[in-house]
Amino acid sequence: MIDHLTEFRKETSAWLEENCPVSMRGQTKDIAELYWGGRNSDFTSEDQKIWFKRMHDKGWIVPYWDKKYGGGGLSPLENKILAEEMTRLRCKQPLFSFGISMLGPALLKFATEEQKGHYLKDIVDAKIRWCQGYSEPNAGSDLAGLQMKAVDKGDHYLINGSKIWTSYGDNADWIFCLVRTNTEVKKQEGISFLLIDMNSEGVEARPIQLISGKSAFTETFFDDVKVPKENLVGELNKGWTIAKYLLTHERQMIGGIGEADQKFSTRDVVVDAVGLHNGVLNDSILRTELVTHEMNLAIYDMTIERAIDEAKAGNNSGAASSLFKYFGTELNVEAMEIIMTAGGMDELAIEGEATSNGFIAKRFLRSKGNTIEGGTSEIQLNIISKNILGLPSK
Amino acid sequence: MALVLNEEQAMLKESVKDFLNMKSPISALRELRDTNNPDGFDRSVWAEMAELGLTGLNISEEFGGLDFGYIGLGQALEEAGRTLAASPLVSTVLLSTTAINLCGSDPQKAMLLPELAEGNLIMSFAHEEKTHHNPTHVATTATLDGDFYTINGSKTFVLDGHVADKFVVVARVSGAVNDKEGIQLFLVDSNREGIKVNRTMMMDNRNAAKVNFSNTSISKENKMNLSCFEDLEKIYAIGAIGLAAEMLGSAQECFEKTIAYLKERQQFGVAIGSFQALQHRAAKMFIDIELSKSVVIKALKAIDTNENNLTEIASLAKAKLGQTLKLVSNEGIQMHGGVGMTDDVEIGFFIKRARVAQQTLGDYNYHLDRYAKLRGY
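As they're listed, the protein sequences go chains A and B.
Just so we're aligned, residue 0 is where the first sequence starts under numbering that gives the first Met the number 0, counting upward by one.
Just so we're aligned, residue 0 is where the second sequence starts under numbering that gives the first Met the number 0, counting upward by one.
None of these hints come from the bench; they were simulated from the model.
Check each hint, because a few of them may be wrong.
Think about it this way: if two alpha-carbon atoms lie no more than 30 Å apart in a straight line, the pair counts; the simulated DSBU-like pairs of lysine-lysine are [said to hold, decoys possible]:
#	chain 1	residue 1	chain 2	residue 2
1	A	LYS52	A	LYS120
2	A	LYS186	A	LYS228
3	B	LYS283	A	LYS361
4	A	LYS385	B	LYS256
If you only want the chain A side, here are some residues facing chain B, beta carbon under 8 Å, derived [claimed, not checked]:
#	residue
5	VAL270
6	THR287
7	VAL290
8	GLU293
9	MET294
10	ALA297
11	THR302
12	ASP308
13	LYS311
14	ALA312
15	LEU388
To be clear about the criterion: a stretch of chain B counts as covered by chain A if any three or more of its residues have a C-beta under 8 Å from a C-beta of chain A, and this derived list gives those stretches [claimed, not checked]:
#	stretch
16	1-10
17	252-265
18	281-287
19	294-302
20	314-323
21	368-375
Glycine included, each C-beta is placed from N, C-alpha and C at the ideal position.
Please put together the full structure from these sequences, using the hints given.
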């Protein structure tokens, strides 16, 4: 067993060394530079195309999915080794896909064999780019209060309503949605999970401009959209179970946004901006803020490490995702606040070379969304107090 | 090393928990206080703790210990923190045994470690001289004259100093107060001439004596082998991590008692735990405790695997636990309301221990400042 894994690591490392083009290595500064796949996508470079094709031929676009779905069929340990080797050699992801990270887990757990064969394969082949349709203008923290209707018309569902905060909705091919299929029952019990082709007549995605000036989200409108009945995933009116399952995944993703995604160290930025005197930061108040932040960050990393070790040892608490979502995003927001304080007037510029066109200012503004998206910080605290601490509802 | 306990360590923790729940619950601390116990702890319970092996957890088998390392001792301290058990676990096992392990000469180890493992010896680490933890402030002097050292100076906050059979005294053989160079450790029997011990009952009903050395003469074999200031920092680092483990136990117990009260206490016709204003504060405490568990086990492992960033991780652990226990013990009282202010309920015992533990081996501010320095700013 050990021999096999040692051998696997050796082979994997050698294969990556040989097959990953040099330009496909190194830090990913912005997810926009990765290949996203989909009907309208193109590779941004020949190397990107080669890298995708090689990994695809190997089955390593999603290495841990079953081979019959286009995956690599790797065991968890093999997958971990591959991930470690890719990190070590700084190989970029060959495909960035919400299909892999957000829809895939739901299909694997809740879809029919036929659906899995079809949709998972299209994700792996980068044929379809997915987006998520959960929140609605009147259903944010109260997600189960969603109102977008799917009415049974015999051979299809008729969809009317709108979704909001659809990440990159204007570039996606398909959307996985939570829809209202029963209005007579408790709100959680009348929700279904439906897959919708964005090319269908009556679908429109309008970008939303954020305070950071960027438009990564859309509001997505559905006006008498016809959806075949076989696009339902799982049982009718059982969509909430799938949603909760997926939200756990999403929380873990957003919670991981902290320093790892930040590509720059808060300390370095602050020390650069404020300066040292006799080895001590020139601003004693900011120093306290920075050190408090750095300590929390270090302990947060240790907590991730412990959660992984606990899971391996079979003591999964399940509490973890809300804790990580809450604390990870609060830390990210805190880091941006400290950096803005350190930068003072300079970092207020939103354009110009000196600030890389407001790189920091835009990130600061965008960070405010971290404690909202994927369930607000307050919702995470509700989940902890009810599900873990067992505190009573009124 | 994974950040989880192995089977042996988990069993140790369980057995210490059962033992302390039976022999040293919080009510035992109350009784020690109310009866004005002259020792400040129960010697028969201490003897049983020694029988359980707790006095030898960090002593190698060669010297009659269990060789469980600091992860093992950390589990015992955490459980002691839960019941607020008063015993010489910190003064003797955590601090003095560690000092002898790290800086004792071979004959000193051979003579003292077996006695410590057996629980026959109560020792105290005499280092503080100021109102706040300060490793370089050593005004106490040790002057060599022939075969004898003469010790002069005053120590404060000497944990269990009034019952110690022996002190490990931090004294200066050269240099000026606040110099890192010239500091040494000495083993001093508490019955030597020229030693005056004043017992000070602390807020947590434990004891920290003021000890005065006036021309106290000891033979030169009692000098230990502190080779540099970093060795002294290592003793303090291990001590701070052990304290953090104890504080983790106290924080968890205090938190659990508070959550139970939120579920039980009725106001406006409902359990007060149904109010969101309290729920969110409770959830934040839960998060702080989970974070605290991670840093404590990471730090304990760092001692056993001899990591070279021990001082950094010790500051991380002690600062975090200082903050967590302060929050949880403050909120414990606030959430208990008026009844939390009464001596009848046990919640108030936690804030008292919290404040003493906070000052022991450096408070939150001390470790925050040091962490920043170690990180280069």
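Practice problem: List, from low to high, the hint numbers that the structure doesn't satisfy. | Solution: No numbers; nothing is violated.
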